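Visitor: Listed here are the chains, written in short residue letters.
Protein chains: 2
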Amino acid sequence: MKLATLKDGSRDGRLVVVSRDLKFCQAVPNIAPTMQFALDNWNTAAPHLKQIYALLNQGSASGAQPFDEKQCHSPLPRAFQWADGSAYINHVELVRKARNADMPPSFYTDPLMYQGGSDSFVGPRDPVYALSEDWGIDLEAEVAVVTGDVKMGASVEEAAQAIRLVMLVNDVSLRNLIPNELAKGFGFFNSKPASAFSPVAVTPDELGRHWEESRLRLPLLVQINRQPFGKPNAGVDMTFSFAQLVAHAAQTRELCAGSVIGSGTVSNKQGDLHGSSIANGGVGYCCLAEVRMYETIETGAPQTSFLKFGDTVRIEMNDQTGKSIFGAIEQTVRNYGERA
Amino acid sequence: MKLATLKDGSRDGRLVVVSRDLKFCQAVPNIAPTMQFALDNWNTAAPHLKQIYALLNQGSASGAQPFDEKQCHSPLPRAFQWADGSAYINHVELVRKARNADMPPSFYTDPLMYQGGSDSFVGPRDPVYALSEDWGIDLEAEVAVVTGDVKMGASVEEAAQAIRLVMLVNDVSLRNLIPNELAKGFGFFNSKPASAFSPVAVTPDELGRHWEESRLRLPLLVQINRQPFGKPNAGVDMTFSFAQLVAHAAQTRELCAGSVIGSGTVSNKQGDLHGSSIANGGVGYCCLAEVRMYETIETGAPQTSFLKFGDTVRIEMNDQTGKSIFGAIEQTVRNYGERA
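Protein chains in written order, with the numbering used here: chain A, 1 to 340; chain B, 1 to 340.
To be clear, the hints were calculated from the coordinates, so they are not data collected in a lab. The model shown is predicted, which means the values in this text are computed figures rather than measured ones. A couple of the hints might just be wrong.
Listed below are several chain A residues computed to face chain B (Cβ distance under 10 Å; list not exhaustive) [unchecked claim]:
#1 Arg78
#2 Ala83
#3 Ser106
#4 Met113
#5 Asp119
#6 Leu131
#7 Trp135
#8 Asn180
#9 Gly185
#10 Phe186
#11 Phe189
#12 Asn190
#13 Leu207
#14 Gln251
#15 Gly258
Note that beta-carbon positions come from the ideal geometry of N, C-alpha and C, so glycine has one too.
Modelling step: build the complete structure from the supplied sequences, incorporating the hints.
Guide: What follows is the structure, given as structure tokens:
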């Protein structure tokens, strides 16, 4: 099943069921007016939503209308929780190698996770707003899941059962603000502005054999200014599965339905700077920081600049037939001071 | 104006306006069914809520019913944001002195703030649940504000105008989990379980002359197992005002209505361990960690233990006539594995 939230002027938007081919959708106000409502009442709402989904795919839904992913907000325009893991250890290894720091052994068994801001997500086609290019604006292309209610101390198996939806995310990072902020010891705050999620969120069963042990085994496609930048497989080198990340988040507290748990920047182990770029046959990168780390390790200093006002980022994932599963995140970096 | 949320079996509870003396309340489903709804629509809802408040205080509200703070959930049972500052620098100075670390000069000008989990707050009379006493369960008595919408880069003056409500909070901390978690570099996560807020949230004007430059100048009263433990003045030694904390939170992103911003553990500068306890004429402490830091500084090791299952914590604030402003947070520590 595929779900999306259309912008309608309200804070939480309007839930729609979307056809598998992303061509049609149907609002479902009598089942669930919003995504959070559907998640709050999943056991009763999901069977009815699935019926609509089947009708949409058959072309026989009475209330079908054309689906336009450009009209979408993030599936949850605001959420009660956004917690982002760092499950692709290769990314962490490169970060630390670039600054000559050792990898603590615990990093391979105890997930890194930060609590993010979830009150003001932006839509998948909305600008990435910043007040200054000097903040060091970077994309981070990731996969995320949305959970149902999870009890404190849930097992990995229980956590796996609580995964309701899967989607993509651009977890924007302000790289030049990170060193000072992390030095203060309390984690990210100003360095993590509003994230955007893919137009469509899908149930795990929709991913078929590509959803395996709560990992999504397909390439994540990233473009910067319409040029291919990354295509790593999100199911490869993911040290911690989504079930493990959810269980980690629930170790000392209950998670409320609608909690969004991210994978961290997708990153596959590769050779060197030369061989890792898409142009040279590599799988590329899901954030600019990663190519800058390769550059630092091999040349002593980063060469590639962060995003500038006017730059565009596109994040998407296709199925084995080349069809977009989630629709595309496509954002242009804009100066917040010059917004309309 | 005073507002509260009664438990009614739903996730967001039922908004009520509460009389100044906390004796009566009235549900307002036609104005705002929930606290988040009121905050989302503050400009239209607040004048109507104030009318009800005036009638309640006059004893002439048609729908008045007895108010029982034991029936309350936290004013926002779940919120889209909970960010907690560390505005009482004395607390940070003691933390660092206890481990022989210097205070970075930036700590006096750049607020410490962490992003907390806001999806599953507990009610003011609900248990503090944990799976193990070994987690080092500690209270943190604080003041918090709830904001309206705040634009990115808002000034301190704009932030002050966006403060809608004031309340108390018990920001439970799991002290024994903190060192390992902070060493990972991504801030608090498992070490910060569900927080509880006071039964009643009040508008700043309700605090009269005690609300000054967005600081709340009254003693915060803390009991542990019904014995006085702390009474520091929340308006004293607060290095950063709430307006400064809100502006800090909004530096790189918009804040959505209903964002909860905390002060951090209230802490007044005092002399030594002996003189700081209430029994010896001091103002005491708002968390066990603070008395343990005094003990560490003066005797080389902490003596006081953290909370055990069965211990109770009470947090309250009275006006100058001794009447409770917010109602009381009163929580017993319980084993989550033995809950009903």
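Visitor: Hint by hint, say whether it matches the structure.
Guide: Verification of the hints:
With 10 Å as the threshold, the beta carbon of Arg78(A) comes within range of chain B, its nearest partner Cβ sitting at about 5 Å, so the hint holds. A least Cβ separation of about 7 Å between Ala83(A) and chain B falls short of the 10 Å threshold, and the interface hint therefore holds. With a cut of 10 Å, the hint placing Ser106(A) at the interface with chain B holds, because the nearest CB-to-CB distance is about 8 Å. The criterion of a C-beta within 10 Å of any C-beta in chain B is met by Met113(A), whose closest approach is roughly 5 Å, and the hint holds.
With 10 Å as the threshold, the beta carbon of Asp119(A) comes within range of chain B, its nearest partner Cβ sitting at about 4 Å, so the hint holds. Satisfaction of the interface hint for Leu131(A) is found here, the shortest Cβ-Cβ separation to chain B being roughly 5 Å, below the 10 Å cut-off. Because the smallest distance between the Cβ of Trp135(A) and any Cβ of chain B comes to about 7 Å, under 10 Å, the interface hint for this residue holds. Because the beta carbon of Asn180(A) sits about 8 Å from the nearest beta carbon in chain B, less than 10 Å, this interface hint is met.
Because the smallest distance between the Cβ of Gly185(A) and any Cβ of chain B comes to about 6 Å, under 10 Å, the interface hint for this residue holds. A distance limit of 10 Å between C-beta atoms decides the matter here; for Phe186(A) the minimum to chain B is near 4 Å, and the interface restraint holds. The restraint placing Phe189(A) at the interface with chain B holds, with a minimum CB-CB distance near 5 Å, inside the 10 Å limit. Here the hint on Asn190(A) is kept, as its CB sits about 5 Å from the closest CB of chain B, short of 10 Å.
At its closest, the beta carbon of Leu207(A) sits 25 Å from a beta carbon of chain B; the interface hint therefore is violated under the 10 Å criterion. Among the interface hints, the one on Gln251(A) holds; its C-beta lies about 5 Å from the nearest C-beta in chain B, closer than the 10 Å criterion. Interface restraint check for Gly258(A): the shortest CB-CB distance to chain B comes to about 7 Å, inside 10 Å, so the restraint holds.
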